[in-house]
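Colleague: Listed below, chain by chain, are the residues.
2 protein chains.
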Amino acid sequence: MSPRGRRPAGEDTRSAIIEAARQEFAEQGYDATSLRGVARRAGVDPALVHHYFAGKPGLFAEVMSLPGDVRALVGAIVSLPREEVGAACVRTFLQLWDSPAGRLRFLGLMRSAVTHEEAARMVREFLVREVFGRVARAFSTGGGEEGPTGGGDAELRASLAAGQMVGVAMLRYVLEFPAVVDASPEQLVERVGPVLQGYLAPVTTSGAVARPPGGVHSSHDE
Amino acid sequence: MSPRGRRPAGEDTRSAIIEAARQEFAEQGYDATSLRGVARRAGVDPALVHHYFAGKPGLFAEVMSLPGDVRALVGAIVSLPREEVGAACVRTFLQLWDSPAGRLRFLGLMRSAVTHEEAARMVREFLVREVFGRVARAFSTGGGEEGPTGGGDAELRASLAAGQMVGVAMLRYVLEFPAVVDASPEQLVERVGPVLQGYLAPVTTSGAVARPPGGVHSSHDE
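One line per chain: the protein sequences are A and Z, in this order.
Using numbering that gives the first Met the number 0, read the first sequence as starting at 0 and increasing by one per residue.
Using numbering that gives the first Met the number 0, read the second sequence as starting at 0 and increasing by one per residue.
Read the hints as simulated data drawn from the structure, not as lab findings.
Among the hints, erroneous ones may be present.
Said to hold, decoys possible - Derived DEER-like restraints, expressed as beta-carbon distance ranges:
1) Ser78(Z) to Val77(A): 29 to 37 angstroms
2) Gln22(Z) to Ala46(A): 37 to 45 angstroms
3) Pro177(A) to His50(Z): 28 to 36 angstroms
4) Glu117(A) to Gly107(Z): 51 to 59 angstroms
5) Gln186(Z) to Pro80(A): 28 to 36 angstroms
6) Gln94(Z) to Glu10(A): 51 to 59 angstroms
7) Tyr51(A) to Asp30(Z): 27 to 35 angstroms
To be verified - Some chain A residues flagged as far from chain Z (calculated, every beta-carbon gap over 10 angstroms):
8) Glu26
9) Leu65
10) Arg70
11) Gln94
12) Val113
13) Val122
14) Arg136
15) Asp152
16) Glu154
17) Gly162
18) Val165
19) Leu170
20) Glu175
21) Pro177
The model shown is predicted, which means the values in this text are computed figures rather than measured ones.
Don't be surprised by glycine CBs; every beta carbon is placed ideally from N, CA and C.
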């Protein structure tokens with residue numbers, strides 16, 4: 000149990016890495032946690048962390064009991080044609096969470112987030128950096144390149160997309176609004192997909208890239 | 000302290016009514032609670048409940064420490080021109096909650112909702128019946144009249160509008176997504192207003208009433 004001793008590979012090592020990661024994420028947040036720091040705390044070689052987990056998102060998904068391979072799923076979404084992104088985000092989200100086990104995991108995640116600031120921070124940094132930020136950046140209409148999501152108000156739009164899905168999940172899995180519980184996944188895709196599309200990769204009805212409403216960028220080159 | 004004895008009017012009576020209402024709402028949910036039942040439990044004349052509170056929504060707002068006169072605010076929104084509803088909903092929501100005290104109230108409400116099924120049920124029934132259901136019904140494009148929100152998928156649309164605002168509040172007050180915390184109320188109105196508009200009272204760019212996407216109602220008279 001010495002935290003600095005090297006461990007043999009195997010199930011013990013994997014568990015030790017997960018436990019170390021749980022502590023590092025809780026203390027440092029998602030962004031500041033490094034695989035090197037996790038390895039040091041677990042007393043293993045950093046290469047072993049890479050051996051067992053698909054990078055930091057994979058390790059986080061394991062710690063938070065997130066379903067599915069988030070990095071691969073996001074990769075699939077950003078490779079889609081622009082106009083399919085909104086529907087694909089909603090459909091993928093529901094595939095991940097729309098099961099009795101997924102519902103319980105979401106409830107657990109939200110319970111942690113509303114009662115522990117450090118859990119809220121982990122969820123926030125993970126969602127912005129690995130999920131909606133990547134999608135928004137992939138379909139950004141250009142402009143600045145600051146921040147994890149690209150320039151302009153891309154981070155706000157990525158965040159609001161996350162907020163729409165957090166809201167849908169709150170209604171479907173926690174507050175249990177009858178109309179949202181009863182809706183089929185495809186009904187939700189049909190209704191919510193255009194909203195995500197508008198936030199993440201706005202298109203006009205002709206399929207062209209739309210300007211953001213309100214002229215936030217009016218002084219920039221678009 | 001006899002629950003059946005008549006009490007004199009005054010601050011004690013008001014407090015007794017609030018406490019009785021808290022218990023009734025928790026046991027019965029929002030929809031099944033009656034002012035008569037609250038009065039009986041508080042041991043007061045039903046007329047006194049009406050004297051102190053603006054009906055069931057007012058009593059609920061008091062019990063849940065909701066800010067503002069919800070019925071009047073919703074009344075103001077449904078009297079607006081159709082195309083202003085989305086922005087007005089977002090602006091009113093932020094006016095109600097966007098203060099240090101409002102933020103704490105929202106956090107308390109969500110903590111109750113994720114840990115107590117009966118709190119989730121109260122929040123759900125109140126939001127559907129008194130807020131978003133009323134708005135969606137006021138701007139319904141016709142069709143059926145079943146359910147508290149009008150026919151067709153009006154209840155789903157009203158619920159998704161509620162979900163978008165619950166999501167925004169989760170990000171701004173609980174998860175503290177930087178871009179959403181830093182955004183001004185008017186930036187949020189500009190970005191989220193069109194989403195609420197689309198859910199509650201869709202309009203085409205020419206201002207005409209829009210058909211719902213996907214033709215859910217295609218077999219009905221529209």
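Colleague: Look at each hint and say if it fits the structure.
Modeller: So, going through the hints one by one against the coordinates:
1. Ser78(Z) to Val77(A): 29 to 37 angstroms: violated, 44 angstroms
2. Gln22(Z) to Ala46(A): 37 to 45 angstroms: violated, 60 angstroms
3. Pro177(A) to His50(Z): 28 to 36 angstroms: holds, 34 angstroms
4. Glu117(A) to Gly107(Z): 51 to 59 angstroms: violated, 19 angstroms
5. Gln186(Z) to Pro80(A): 28 to 36 angstroms: The hinted range 28 to 36 angstroms holds for Gln186(Z) and Pro80(A), with Cβ atoms some 29 angstroms apart.
6. Gln94(Z) to Glu10(A): 51 to 59 angstroms: For Gln94(Z) and Glu10(A) the Cβ distance comes to about 55 angstroms; the hint holds.
7. Tyr51(A) to Asp30(Z): 27 to 35 angstroms: This hint is violated: roughly 50 angstroms between Cβ atoms.
8. Glu26: It holds; Glu26(A) is separated from chain Z by about 18 angstroms at its closest Cβ, greater than 10 angstroms.
9. Leu65: Given that every Cβ of chain Z is farther than 10 angstroms from that of Leu65(A), nearest at about 16 angstroms, it holds.
10. Arg70: holds, 21 angstroms
11. Gln94: holds, 19 angstroms
12. Val113: violated, 5 angstroms
13. Val122: violated, 6 angstroms
14. Arg136: holds, 13 angstroms
15. Asp152: Nearest chain Z Cβ is 8 angstroms from Asp152(A), so the label is violated.
16. Glu154: violated, 4 angstroms
17. Gly162: violated, 4 angstroms
18. Val165: Since the minimum Cβ distance to chain Z is about 5 angstroms, Val165(A) lies within 10 angstroms and the statement is violated.
19. Leu170: violated, 4 angstroms
20. Glu175: It is violated; Glu175(A) is separated from chain Z by about 6 angstroms at its closest Cβ, not greater than 10 angstroms.
21. Pro177: At roughly 7 angstroms from the nearest Cβ of chain Z, Pro177(A) sits no farther out than 10 angstroms, so the non-interface label is violated.
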